[in-house]
Amino acid sequence: GAGVSQSPSNKVTEKGKDVELRCDPISGHTALYWYRQSLGQGLEFLIYFQGNSAPDKSGLPSDRFSAERTGGSVSTLTIQRTQQEDSAVYLCASVGTGYLDTQYFGPGTRLTVL
Amino acid sequence: GEDVEQSLFLSVREGDSSVINCTYTDSSSTYLYWYKQEPGAGLQLLTYIFSNMDMKQDQRLTVLLNKKDKHLSLRIADTQTGDSAIYFCAATTGGFKTIFGAGTRLFVKA
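Chains as they are written, first to last, in this note's numbering: chain A, 331 to 444; chain B, 249 to 358.
FYI, nobody ran anything at the bench for these hints, they're computed from the structure. Careful, some of the hints might be misleading.
Stated by the list, open to error - Below are the SDA-like pairs computed for lysine to any residue, each with C-alpha atoms no more than 25 Å apart in a straight line: (1) B/K284 with A/R394; (2) B/K284 with A/K347; (3) A/K347 with A/G389; (4) B/K284 with A/H359; (5) B/K284 with A/S339; (6) B/K284 with A/R440; (7) B/K345 with A/L444; (8) B/K304 with B/G288; (9) A/K347 with A/R394; (10) B/K345 with A/K347.
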């Protein structure tokens with residue numbers, strides 16, 4: 331596609347429910363990142379994919395968080411048993427194969443856990 | 249590991265110059281970036297500089313890099329209300345991980 335898209339744009343859920351966030355990277359981009367942006371905070375790195383594999387999952391805050399990527403394209407971030415502290419904007423970015431590691435960001439999913 | 253720090257707020261009058269500062273810790277950082285985030289949107293690359301450069305100018309934007317002090321700045325000339333946004337400084341050593349600062353929120357007063 332023309333850019334990185336994320337869905338849903340907004341998600342309101344109740345504490346304890348599971349949520350799935352989706353990211354569609356730019357076609358042909360091999361690397362994909364998930365970040366979390368809490369109010370007034372910078373970007374917190376969550377996980378990175380190169381193709382379908384995730385060499386670094388160290389940023390995932392707890393075992394309630396998981397992510398997968400299939401076909402080297404779409405990625406889903408799943409949060410199980412959501413907590414109020416999970417409320418944040420979840421941003422996805424993809425990187426092409428150029429010499430400059432420019433990250434192209436999606437508009438984010440705003441997650442609110444009540 | 250790498251740490252990137254920047255001040256959280258900056259307020260300027262329309263027409264003035266804005267200078268947003270950033271410091272980083274990893275002297276082996278190869279690329280340094282400035283991203284802009286407008287309300288409700290993701291980050292967008294504004295400009296970048298290679299570590300072997302001291303300065304880069306792009307229209308109203310000037311990036312200065314002091315490698316000795318590990319200090320990066322972004323100057324916006326003739327700041328407009330449309331420049332109001334959050335500006336993120338970021339650094340990478342060429343590996344997969346880019347480290348972002350917390351972002352500087354720029355307010356432009358008319």
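Can you give the numbers of the hints that this structure goes against, from lowest to highest?
-> 1, 2, 7, 8, 10
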